[in-house]
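Engineer: Spelled out, the chains give:
There are 2 protein chains.
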Amino acid sequence: MKYTTILLVLFFVQFAVGEMQKPHFLMPVPQQFELDENQYRLSDTFAITVKGDCHPRLFRAATRTLRRLAGRTGLFFPQDFITAETAPDQAAMTIRVNRPGQVVLYENESYRLVVNAEQIVLEAETDIGALRGLETFLQLLEADKNGYYIRGAEIKDSPRFPWRGLLIDACRHFMPVDVIKRNLDGMAAVKLNVLHWHLTEDQGFRVESKTWPKLHELGSDGFYYTQAQIKDVVQYAADRGIRVVPEFDMPGHATSWLTAYPELASAPGPYTVERKWGIMDPTMDPTREFTYEFLDAFLKEMSGLFPDEYIHIGGDENNGKQWDANEDIQQFKKSNNISDNHALQSYFNNRILKILTRYGKKMVGWDEILHPDMPTTIVIQSWRGRKSLIESARKGYQVMLSNGYYIDLIQPTDFHYLNDPIPEDTPLSPDEQKFILGGEATMWAEFVIPETVDSRIWPRTAAIAERFWSPGSVKDVDDMYRRLDEVSFRLEELGLLHIKNKQMMLRRLTNNTDVTALEILVDVIEPVKIYTRGAQRAYTQQSPLTRVVDVAVADAEKAREFRGLVDAYFSEPAQSKLDKMKETLDVWNANHDKLLTTIGISPVLKEIESLSADLSACAQIGLEAIALVENGTRADEDWIKEKLETLEKAKAPRGQTELMIVSAVEKLVKRAGKM
Amino acid sequence: MKYTTILLVLFFVQFAVGEMQKPHFLMPVPQQFELDENQYRLSDTFAITVKGDCHPRLFRAATRTLRRLAGRTGLFFPQDFITAETAPDQAAMTIRVNRPGQVVLYENESYRLVVNAEQIVLEAETDIGALRGLETFLQLLEADKNGYYIRGAEIKDSPRFPWRGLLIDACRHFMPVDVIKRNLDGMAAVKLNVLHWHLTEDQGFRVESKTWPKLHELGSDGFYYTQAQIKDVVQYAADRGIRVVPEFDMPGHATSWLTAYPELASAPGPYTVERKWGIMDPTMDPTREFTYEFLDAFLKEMSGLFPDEYIHIGGDENNGKQWDANEDIQQFKKSNNISDNHALQSYFNNRILKILTRYGKKMVGWDEILHPDMPTTIVIQSWRGRKSLIESARKGYQVMLSNGYYIDLIQPTDFHYLNDPIPEDTPLSPDEQKFILGGEATMWAEFVIPETVDSRIWPRTAAIAERFWSPGSVKDVDDMYRRLDEVSFRLEELGLLHIKNKQMMLRRLTNNTDVTALEILVDVIEPVKIYTRGAQRAYTQQSPLTRVVDVAVADAEKAREFRGLVDAYFSEPAQSKLDKMKETLDVWNANHDKLLTTIGISPVLKEIESLSADLSACAQIGLEAIALVENGTRADEDWIKEKLETLEKAKAPRGQTELMIVSAVEKLVKRAGKM
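Protein chains in written order, with the numbering used here: chain Z, 5 to 679; chain E, 5 to 679.
Please keep in mind that the hints were generated in silico from the structure rather than gathered at the bench. Heads up, a few of these hints could be off.
The list treats identical chains as interchangeable, and a pair is accepted whether it falls inside one copy or across any two copies.
[To be verified] In silico DSS-like cross-links for lysine-lysine, where the CA-CA straight-line distance does not exceed 25 Å: (1) Lys26 to Lys610; (2) Lys235 to Lys214; (3) Lys610 to Lys149; (4) Lys218 to Lys235; (5) Lys598 to Lys655; (6) Lys598 to Lys149.
Could you put the whole structure together from the sequences, leaning on the hints where they help?
Structural biologist: See below:
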C-alpha cells in the first residue's frame, strides 16, 4: 500500500483519539485556513454557478473544474458548458466575483473559499483570484467508503509574491505547443502566474518574425512557433491567469540571430546554428546603428505579438571576446568614454530600453544588466546569486530570484523549497524587501526533450510554487514531500508525462522485457548534479536523451526513504527499523544478478553495469554492518577501513548517475565500529 | 521475463539445432523477404546519405529515422540534420530514389531494402516508397550482448491495396492537433497512407470556415481546428506520405451546421449542438437552392484548404424524418418524380458532385450514397457490410471496406485481422476485385477522449494495417499477436499514450494507492462490445470517460493467454499446463479481498465490486475442477450444474465490462464431468 493509504489508516487511528487533524493535501498552503469536520457530499446533481462581473475565462475555468471533478469521481454531472446564459440561479457551488481580472503584474489574486455540508462558496475580487480558488477547491476533494466529498474548510488566501514564474527554454531543444500548454495547466494548478518563454538562443530562434523572416527560416531548422501559435499560447495562458513574458536574448547567446543576419554580428560571418552547449562568442555589434534599426523593428513586431507589459532581453553571459577583437568596437569605446564591456553592454541596454519604452514595454534582464547607467525602471532577474538580488533591491530595482531555482541542475526538491527570496535572516529592510517581486524556476533545455521535460519540471516546481505563494513560515520539508506526492499524482490529469514516461523509458531501456531490476536501480540513483553532465561528456543538440540518466530523477524517493530510515534509527534505535533496512538491503543485494540478464540483451545499459554491482556491494556491506550492530559486536578497524574504501569508490558516477544510498551505508559501517 | 526474452531464449535453443529461423518483428510483413545471418553492426559512426531526385520530405524522414535509432540505442551519431547539402558522399546507409513522390492515390510506394554486414541500401522509385522502407529498416534493429545491429535482409516490398486508412472522428470528442500528429506518426510506422478526418457532426463542427464563420463559432463550443492548424496537419501528414481526406457529413449528421445556419435545415430551428449520441433528425433541406449556394461556397473554401483529390461527404444515416414531415419537400419529390428519400438524397448527392467536380475534387461517401442515379466516378466506403462492398465493385464503383474495422466497437484484434477486403472465397472476379481500393479502420469518438483514444486505436490498427499492406496469405493469428506486442512497444517512441496511460488511469482509479489488485482485474476484463455501452447507460459528450471500462482494452491479454492455455491443455494434456493454470487461478482467487481494500477508499470502483468477487469465484471453481481432473474423480451432476450456473451469472457485465475468462473455466468444469 502506498503512503496515502497508510496515512489514511494513521488518521483513523489518531483521529479517533482526537490527537490530530486528518492531513490535508493543499499545495501551496493558503495564507489562512481552517479545516473542519464538515463534508460537502458530491452527487450527480452537483452544479456550479458563476455570479458577478467577470471575464469569460472564469466560465471556461469552472467548466474545466467540473470536468476534472468528474474525471476523478466518475460522476455524471448534469452541466455541460457553464456559461453566463446557462449558469443556474442556485447551485451547490457559487462563485462570486466583483470585476474582470487583468493578466498583469500585481493583479488581485486573492480569494475566499468556504465549504460546509450544504454548500460551497468561492468569492474573489477578480476572476483570476477565483481561478486560484478553484484549484484549492479541487485539492479539498476526498473520499470514504460512502463516496466523494469536499472537505469542510474556511480559507482566506492571497499570494506572498506577485511574480511567480517558470522559465521554459524552447531553444536548446524545441518544445512544441502541446508541451507548453500542458505545463501551463500544471502551473495554474499550483498557482504560478508567469510563463517566461525563452525564445532565442545560440541553438535556435523559435519565433516567427514577419519583419525579419530569415530569423526563423534560417535560425530554427524549421522548429519554431508561428505567430498564430504564439497567440494561441498567450490566450491559453491568459485563460489560466498566467502572463507570458517572452525572452529575446541579446547581445550574446545570439548565434541563431547571426546565422540569419550576420550583419548584426561583432565579427564577420557566416554563422551556423550552434549545436553544442556552453557560452559562445557570437555577439551583436552594439556600435552600429543597423543593430538598433533591426532590433527596433523586431521589438515593435514582438511588442504587438506579446501583450504582456514586460519583455525580457536576456543580457547574460556575453563573454566580450568578439568585442575585444573588433577594432571598430574598441575605437567606439574610446571615442565614447566607455570604460569596459559591461559599460558598453549598458550602452546597448539603454538603447534597447528606449525602444521598448517607445512600444509601451518594460525591460527585464538577467543580473548582467544591472549597472549604474541603467535606470531603476528595469527589472533584474537574479541567476548568479543572492548577492545581486540584495544589491538590486538596495539600489531600488525590482528584482526576482532564480538562483536556487535552477531545476535543470537536478538538485533535490528540499534544496529549492528552502531557498527563500526573503529568508528570515534577510539583511534587507522592510522597505527594501518590497522590491523583491518573487522568483522563477528555470527549465533550461540542454538535457531535456519533450519526452523528459515534464519529469524535470514536476513535481519539484510545485514546491517552488509554494515557496512563492505561501507564508515564509511554511517550510516543513517532510510535510512538503508528503503533499508533493499527492500533487504530483494529480498533475497527471492535465496530461503531464512526468510520472508515466518513467515506465515507458524503462521499457525502451530493457528492450520491452521485465523492467523490475532496472527500476530498483533507477529508484536509488540520481543524475549527476549542477553542470557535471555536460562536463563529463560532449553533447550536441542531437544527442540521444533516452539513457538511464534521463529516466533517473532529481529526488530518488527510495534512496531518500532509506536515508531517512537510517537517520531515524540513529535518533531512536529500534529493531523494527533494522528489520526494515534489512528487507530493503536484501532486495538491493540480490538485484545485480537480475539486472545482468537485462544488460545482456540491452547494450545501452552496459554503462551502468558496475554501478549496479556497486549497489549490490553496498547493500551487502550494509547487511554486514547491521549484523554486527545486532550482535553487539564491534567491527574491527581493518573491516571498517576496507568497507569505507569500497563505499567511497561506489560514489563515483557511472552512466552520468550516482548512487544515493552510499552515505547511509557509511553511517551504518561507522556505527558498527562504535558498538 | 517478458515474451520477447522467452522468444530469444527459444531462438537460441532452436537456432543452435538449425530448426527454425530467429523470429522477426516485421509488421506489416513485406511482400517478399529473406532474412539471413548477416548483421550490420551499429556504431557511433553510423551515417545515412540520400541520393537521387527526391522531395525534401525524405531528408526530414531520414533525420527522424536517425533520431529514433539513437533514442533506442543511446548511440551518439555524428549527423544532425541530413540535408541535400550535408549528406555525405559515402555512408553506411544509402537511400536512393528516382523521383519525387506525390501524396496521391496510386502513387508508387514500393521499395527494396538490402542489409548485409558492410552496408544498408534502400532503393525506391519515389521518396514515399523510401519512407515505407525506412520503417521496415527500423523494425530490423536487434541487439545482442555485444551491441546493436541491423539484421541481414533482402526485402522487396509494395502494398497490396493503395488506400489504407484510419478515420479519426474529431467531432464527438475534439482531438487536438497533437493527438492527430502522434497518430499520423503511428500510421506512418505501420505504412498506412490515408487519414480520414471526420470533421463535422451533430456534436461539433471542427474546422474554421472563413466563408461561413458561424459554423465554427456556434457549432464547436470553441473546439475547432484553425485553418493554419489544418494546413500544418496536412503538411505533417504529407511529410509522412499520408493523404488527408476530410469528411464533411451531409445532409444528415448535421446538427452543428444547423445550429449555426438553421436556414439550411429541413425543419424550423433553432438548433443547438447535440450532446447525446445516436442518429438525430436534423437534416439539410435538399430542395432549396440556398443549400447548394451555401455548400458551393463552403466546398470551394475547403477544396482550397485540403489538397487531396478526394472529399468525403458522409451521406450516412439520414433517417428522413425531417423530410417526411416537411410538406414542401414532399411536394418537391412529387413534382420531380423522386420516388423515395434515398432517391432524394441521390438528387442532393448529384448536386454536390457537380460542385465538387467543378473544384477538381472526387466524391467519397458511405454506403448510402450508392444509388443507380450516381455515376461510377464516386468512391463508396462500406460500413454496413460486405454486401455493399461486393455490390459496389460489381457495379463498377471504386470501394473500400470499413465494415469489420470499426475499432470503436471494442472487438479483439484477430477479428479485424482476419477481416479481408478480398478474402480467398470472394465472389468477385479478378476484374471486379480491381475496384476494391483497400479499407479504413474507424475511430468513432463517442467513448474516447485524447487521454484514451490511442489505446483504442493502438495496437489493433497495426494488425489492420498489415491486412491492407501484406499478402492475403499472411494470416497466422498467433504470429500476429507475437509481433503486435513488439510493434505496440515501439509505437511508444512516437509519443503515443496507448500503453502508458493505463497505469496513470489505474492510479487515478485507486486514488494513488497500490494498483496491483485493480490491474489484475482489469487485465482479464474487456469493455462491453459493439453498441452495448451506449445502450446500457445514457451518456453525453461531457460524461467522464475515466472509469474502469475506459482503462480496459479490447484485447485482454491475460485472459487470452489463459484461454489459450486451457485450449492447449485439451489438445495436449500435461500436468505442467495444469500447474500453470493453478498458479494463475490462485492469484485471481486471492484478488478480491485485496481489491476490496482499494474499493473502500475509491468509490468510483464500487461498480466493479461484484465483478471482482465473480473473478475470485470463477477462479475457485476452476481450481476445484482442476483438482477433480488431477484426482481422476468425475464431478457429480449437481456440482456441475451449480458451477455452470454460477459461471453463467459471472458473464453479466458490470461497470460496462465483462470477465473474459469465464468460457475457459466452463471448459474445465465440463471436463471435470467427463473424467
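Engineer: Is it within a copy, between copies, both, or neither that the alpha carbon of Lys218 lies no farther than 25 Å from that of Lys235?
Structural biologist: both (20 Å within a copy, 21 Å between copies)
Engineer: At 25 Å max between alpha carbons, let me know whether Lys235 reaches Lys214 within a copy, between copies, both or neither.
Structural biologist: both (14 Å within a copy, 18 Å between copies)
Engineer: Have a look at Lys610 and Lys149 and pick one of within, between, both or neither, based on CA distance no larger than 25 Å.
Structural biologist: between (48 Å within a copy, 9 Å between copies)
Engineer: What label fits Lys26 with Lys610 when the C-alpha limit is 25 Å: within, between, both, or neither?
Structural biologist: Between copies only: 24 Å across chains, 47 Å inside a chain, cut-off 25 Å.
Engineer: Checking Lys598 and Lys149: alpha-carbon separation at most 25 Å within a copy, between copies, both or neither?
Structural biologist: For Lys598 and Lys149, the Cα distance is within 25 Å only across copies (15 Å; inside one copy 40 Å).
Engineer: Go through the copies and call it for Lys598 and Lys655: within, between, both or neither, with a Cα cutoff of 25 Å.
Structural biologist: Within. Shortest intra-copy distance 22 Å satisfies the 25 Å Cα cut-off; inter-copy 40 Å does not.
No hint from the list above goes unmet by this structure.
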